[in-house]
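Please assemble the complex out of the two chains, which come individually in their own frames, going by the hints.
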Amino acid sequence: MNRSFCLFALVIISLVLQSCKDEEPTPVPGKSSATITFDARWEGTPFQIQQVYLDDFGNRIRCDKFMNYFSFIKLVAEDGSEVLVKDFVLADYTGDNSYTAEVPSGKYTALKFGIGVDRDYNKDQDPAQYPSSSPLSVAGSQGMFWVWNTGYIFAKFEGKADTTGTAGVELLSPIAIHAGDDFSYRTFTSQPFNVTIDGANHVFAVHINVDRIFSPDQGNVVNIAQDAITHGGTNPDLTNNFMDNYLAAISLEP
Amino acid sequence: MLFGLLVFAGCKPNEPEPPDRPTVSATPYNLVIPPLFPPMDIPADNPLTVEGIELGRYLFWEKKLSADGTQSCGSCHLPEHGFSDPNQFSVGITGAVGTRQSMALVNLGWAYNYFWDGRAPSLEVQVLEPIINPIEMNNTWENALDALRADPLYPPLFEAAYGSPVITQDLAAKAMASFLRTMISANSKFDRERAGTYTFTPLEEAGFNLFLTEGGTNPNTGQPWGGADCFHCHGPAGMQMGDYLMHNNGLDAEFSADPGLAGVTGNPLDSGKFKTTSLRNIELTAPYMHDGRFATLNEVIAHYNTGGQISTTIDPFMEAAGGGLFLDEVDELALIAFLKTLTDTSFINNPAFSDPH
Numbered sequence: 015m016n017r018s019f020c021l022f023a024l025v026i027i028s029l030v031l032q033s034c035k036d037e038e039p040t041p042v043p044g045k046s047s048a049t050i051t052f053d054a055r056w057e058g059t060p061f062q063i064q065q066v067y068l069d070d071f072g073n074r075i076r077c078d079k080f081m082n083y084f085s086f087i088k089l090v091a092e093d094g095s096e097v098l099v100k101d102f103v104l105a106d107y108t109g110d111n112s113y114t115a116e117v118p119s120g121k122y123t124a125l126k127f128g129i130g131v132d133r134d135y136n137k138d139q140d141p142a143q144y145p146s147s148s149p150l151s152v153a154g155s156q157g158m159f160w161v162w163n164t165g166y167i168f169a170k171f172e173g174k175a176d177t178t179g180t181a182g183v184e185l186l187s188p189i190a191i192h193a194g195d196d197f198s199y200r201t202f203t204s205q206p207f208n209v210t211i212d213g214a215n216h217v218f219a220v221h222i223n224v225d226r227i228f229s230p231d232q233g234n235v236v237n238i239a240q241d242a243i244t245h246g247g248t249n250p251d252l253t254n255n256f257m258d259n260y261l262a263a264i265s266l267e268p
Numbered sequence: 138m139l140f141g142l143l144v145f146a147g148c149k150p151n152e153p154e155p156p157d158r159p160t161v162s163a164t165p166y167n168l169v170i171p172p173l174f175p176p177m178d179i180p181a182d183n184p185l186t187v188e189g190i191e192l193g194r195y196l197f198w199e200k201k202l203s204a205d206g207t208q209s210c211g212s213c214h215l216p217e218h219g220f221s222d223p224n225q226f227s228v229g230i231t232g233a234v235g236t237r238q239s240m241a242l243v244n245l246g247w248a249y250n251y252f253w254d255g256r257a258p259s260l261e262v263q264v265l266e267p268i269i270n271p272i273e274m275n276n277t278w279e280n281a282l283d284a285l286r287a288d289p290l291y292p293p294l295f296e297a298a299y300g301s302p303v304i305t306q307d308l309a310a311k312a313m314a315s316f317l318r319t320m321i322s323a324n325s326k327f328d329r330e331r332a333g334t335y336t337f338t339p340l341e342e343a344g345f346n347l348f349l350t351e352g353g354t355n356p357n358t359g360q361p362w363g364g365a366d367c368f369h370c371h372g373p374a375g376m377q378m379g380d381y382l383m384h385n386n387g388l389d390a391e392f393s394a395d396p397g398l399a400g401v402t403g404n405p406l407d408s409g410k411f412k413t414t415s416l417r418n419i420e421l422t423a424p425y426m427h428d429g430r431f432a433t434l435n436e437v438i439a440h441y442n443t444g445g446q447i448s449t450t451i452d453p454f455m456e457a458a459g460g461g462l463f464l465d466e467v468d469e470l471a472l473i474a475f476l477k478t479l480t481d482t483s484f485i486n487n488p489a490f491s492d493p494h
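Chains as they are written, first to last, in our numbering: chain C, 15 to 268; chain S, 138 to 494.
So here's chain S without its partners, still in its complex pose (with noise of 0.2 Å):
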C-alpha cells in the first residue's frame, strides 16, 4: 500500500519548481485588437499581463543577455528602422556577419512561423536563438540567465510578473514573447484610410489599385493584366500585408547560397522559399529581401518588374516569370507612394517599445 502510494507520488513533481506562468497577483493585460485585424492566439501558458510584458521590454533592450554585455535585440532591430537594421547584415559580437538580413518586428503576434526559413513555431521559441547564435550575441543561455541573476533588477520583476524571484529561461523567452506580442502596428495611413479617416492622394489610389491587380500576361486576351500582382502574398486579408507562407519569389535560379526552407526540411523542392513578410513600415525597412540585396523600394519592384528567375521551385503567383510585369516609371512610383502610406511613425516612437534601461 505504501509502495502504491509512493509510486502514485512518483506521477507529481518531487521538489517545489518556479512557476511557468504568471501568478493571479499580475495584471492582466487587455489587448486592444485594432479594426480589420483578427483575434490574436496568445498561449494557454503564456497570458499576457502588465508585468510580463515590462519585463520582456526589460529584457529585448538587455545587453547583458550577449556573451560580452554589448548587444541587446535591440542593437539589430532598431526602432527608426521599423525595428530592423539598415546594413544588409547585422554584425554580431564577434564581429561575425550574418547572411539574412534582420526581420522588421511588426504585428509578430499574428503570425506563426519566425525566422526567414520559418524554423520557429512559436515567439516562445524564436526568443532562444539569438542569444545562443555564435553570429548574434555569442552567448550561452547558462550564462544569460547568471547575469539576470546577478543584476539586483530582474529578480523584483520576474517576482512581480511570475509570482517568484526565480529567474529560468522559459520564464524569460515567455515574458520577451509577451513584450513583443504587443508591438502592434495599426495606424499608418492605409489603417486610416480603410477606417474612413483618411483618404489616399491620387497617386496613392493608383499605387494601391496595382497593388490588387493581377499583373503579366492575361493567356487569354495575350494582353498585359496591367497589374503588380503584389496582392497574392501581401494582401490586406486581416490587416497583416502578408501571408506569412513559405514562397520562392524568383530571386535566384539556384540555390547553394541559402536554400531557405530546404535548409529546415531537407527537402529540394523547399529550395528558395523563405517567409512572406509583412509589408509594414516598409518604407523604414530597407534593405529588403532575405539577404537584404535590394537596398531601395524602387530595386524591389525591378526585380518583379522582371517576372523573378524561373525555377522548378518558383511560386505559381510569379506568374510574370519569364515575361515581366511591364509596370513604367509612372506605376513605380504610384506603387511606392501606397507603400509609404504603411508607414506608422506612432509604432516606431511609442514609448512602451522603448529602451527602459
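The following block holds chain C by itself, in its conformation from the complex (with noise of 0.2 Å):
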C-alpha cells in the first residue's frame, strides 16, 4: 500500500513538475512551414569565429567579426509566386541564424534573398524609426549603419591577418572590409529544385562557404596581402569582389 501509494504520488508530482516548465512549442498538425538556416563553413567544417585560417593565397587570417543582412528571404512557389519568410535579418555566425515561417502547402522550386539591405530600406532612412527589436533599428544594427551616407553596412568581415603566412606570428595586419552603398547589392536565386511541403517543416539549409571568398579561384580576387580595408565607396573594388564571391561562395541544401 505504501509503496503503491509512493509510486503514485511520484507520478504525480513528476506530471505536476512537468507542468510548471514553460511549454515548448509545438508544430501545429497540417501547417505548412519553411525555416531557412544560414551557417558560415571553411572547407566544409563549420566556420569559427576569431579561429586563425590559412586561405589560398597563403595569408593566415582570424575574423573577429563576420555580419551581414539578408533581405527578403523569399520561397518560390511552382506557379512562380513568392512567398516571404523574412523580410530583414542580421546573420552574425556566432550562434544560431534560423528563420522559420509558415507557407501554403504546395511545391517550391527555388529560394532566392538579397544579400544586403534593400535599396527602398537603405538610403536616407532613419534607424531611430525602427524599435530595437528590429535589425534595421540603431541598437539591433549593432553598428552595421552608416551615418555619412546614411545606408547600412550590408556585409562586414573584421579581424586581423599575417600576410606572412609564417606559423607563430602574431596577427596585427588589420581586415576591415564594410560592403555597403547600393552598389554592392546582390541578389541570390537558387538554381531550380523540387520540394513539396505539405503539413510539416522543411528546412532550406544555406551555407556561406567562407574559403571560397579569399580564394584566387572565384575569379575576383579577395587577396588579403593586397587589399584587406573598404568602407564601401572608399574602396569599390575590393567592396564588388567581395560581394561578387560572397555570392558564388553561397551553396543551398534545399
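Think of the hints as simulated: they come from the structure by calculation, not from any bench. Computed from a prediction, not measured in an experiment: that's the story for all the values here. Hints are supplied without guarantee of correctness; some may be wrong.
Unchecked claim - So the derived list for chain C, only partly shown, Cβ under 8 Å to chain S, looks like this:
1. Pro60
2. Gln64
3. Asp78
4. Ala142
5. Val152
6. Gly157
7. Phe159
8. Val161
9. Thr180
10. Glu184
11. Pro188
12. Asn234
13. Thr248
Said to hold, decoys possible - Which chain C residues face chain S? A few, computed with CB under 10 Å, are given here:
14. Ser151
15. Gln156
16. Lys174
17. Thr178
18. Leu185
19. Leu186
20. Ala190
21. Thr244
To be verified - Every beta carbon over 12 Å from chain C, so not counted as near; a handful from chain S, in silico:
22. Asn224
23. Thr277
24. Asp283
25. Ala284
26. Gln306
27. Ala374
28. Leu382
29. Asn435
30. Asp452
31. Met455
32. Val467
Using N, Cα and C, we set each Cβ at its ideal position, and we do this for glycine too.
As C-alpha cells, this is what we get:
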C-alpha cells in the first residue's frame, strides 16, 4: 500500500513538475512551414569566429566579426508566386541564424534573397524609426549603420591577418571589409529544386563557404595581403570583389 | 485527489510576496522621446511611473545606502560634471581608490550594456553593484535595505510606487533604473542644429565635417583622407553619439593594467576592449577614457591623431594606427568647437535630477 502510494505520488509529482516548466512550442499538425538556416563554413567545416585560418593565397586570417544582412528571403512556388519567409535579418554567425515562417502547402522550386539591405530601405532612412527588436534599428543594427551617407553596411568581415603565412607570428595586419552602398547589393537565386511542403516543416540550409571568398579560384581577387580595407565606396573594387565572391560562395541544401 | 491538489498548489507561491512591479494606483509616466531618438526599451516588469522615478531619485542621492552613510550614487556622478567625477578615479568610503573613471550618466535608457567592461546587461543589474563594491559604497544590500526600512521617509515612498511599504532589493533597483532612464539629454546646440533651430558657427561646422570624415591614409591614393574618423564609433545614429559596442581604441599595446572586456569573458582576444560611451556633455566630463588618463580634450585628440597603438585586438576602425590622422591645430580647434556643441546645460541643471534630500 505504502509502496503503491509512493509510486503514485512520484508519478503525480513528476507530471506536475513537468507542467510547471515553460511550454515548448509544438508544430501544429497540418500546418506547413519553412525554416531557412544560414551558417558559415570553411572547407566544409563550421567557420569559427576568432579562429586562425590559412587561405589559398597563403595568408593567415582571423575573423573577429562576420555579419551581413539578408533582405526579403522568399520561396518561389511552382506557379511562380513568391512566399516571404522573412523581410530583414542580420546574421552574425556566432549563434543560430534560422528563420521559420508558415507557408502554404505546395511545391516549391527556388529560394531567393538579397545580400545587404534592399534599396528601398537603405538610403535616406533613419534607423531611429525602428524599435530595437528590428535589425534595422539603431541598437539592432549592431554597428552596421553608416551615418555619413545614411545607409547600412551590407556585409562586414573584420579581423586581423598575417600576410607572411608564418605560423606563430602575431596577427597584426587589419582586415576591415565593410561592404555597403546600393552598388554592393547582391541577389541570390538558387538553382531550381523540387520540394513539396505538406503539413510539416521543411529546412533549407544555406551555407556561406567563407574559404571560397578568399580563393583565387573565384575569379575576383580578395587577397588580404594586397587589399584588406574598404568602407563601401572608399574602395569599390574590393567591395565588389568581396560581394561577388560572397554570392558565389553560397551553397544550398534544399 | 487532495494530494494532487496540494501538489498543484506547489506550483504557486505559498506566501504573499512583495510586488515586483508598480501597482495600478501608481501614475504612468509619460516618457517623451526626443526628435530623432529611437524608441526606448522599457522592461515589461518595470514600467515607468511618476512615483517609481521619484523613489529612484531619492535612492540615487541616498547616502544611507553606503556602509557609513557618507556616499550616494551622486557623490561620484556630479551634475556639474555631466554626472561623472572630475577626479581620475573616485575614492570610496574606505579611502580605497578605483581603477576606472566614473562614467558619465546620460541617455542610459538607450544603451544595452553598462560599466566600462559592459558586464551589466541592464540598468536593473548595474545599480546593484556600486552599493556592495568594497572600493565604492562598501555595504551589503541587507544593511542598505535595513537603513531604508529604518527611515520613515522610505516605506511610504515604496508604497506609493509599488503598492506596499515592503522594501526589497529588487524594487530599489527597479526604482533607480527608472530614474536613470529619465535622465535624457536632448537640448544641446547639436540637437537644436539637427532640429533646424540653431546654426553651427563656421568652426563648429568644420569640426562636424572632420568628425564625419574618414581619417588616415587613403589606400587608393596614398593621400590623407583628411578627417578625424570619429563617426564610426560615435556617430549620430539615433542621436546617441556612441554605439555602446566594445572597442579597443588603441590606448595600449598590452593590457595587464586592465584587460577590459577580457576580464569579463576570459577571452584574450577581448583584451583592451571597453564600452564606447556617448560623447554628449563631453566638455563637462573630463578626465577621459576608462582610466581617466587624459585630462583634456586636446589630449584625447592627440591620442587619436597618433593613430593609436597597434595590437592584435585594436579595432579595425582605428585605421590610422601606425600612421596617424594628420590633423593640424586648426582641425583640433574645430573638433573641440563641435564637441562643445554636445553640452546640454538644461540637462545638468534639471531639477528633476537634483538631490531631493
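Broken hints, by number: Violated hints (numbers, rising): 1, 9, 12, 17, 27, 28, 30 and 31; every other hint is consistent with the structure.
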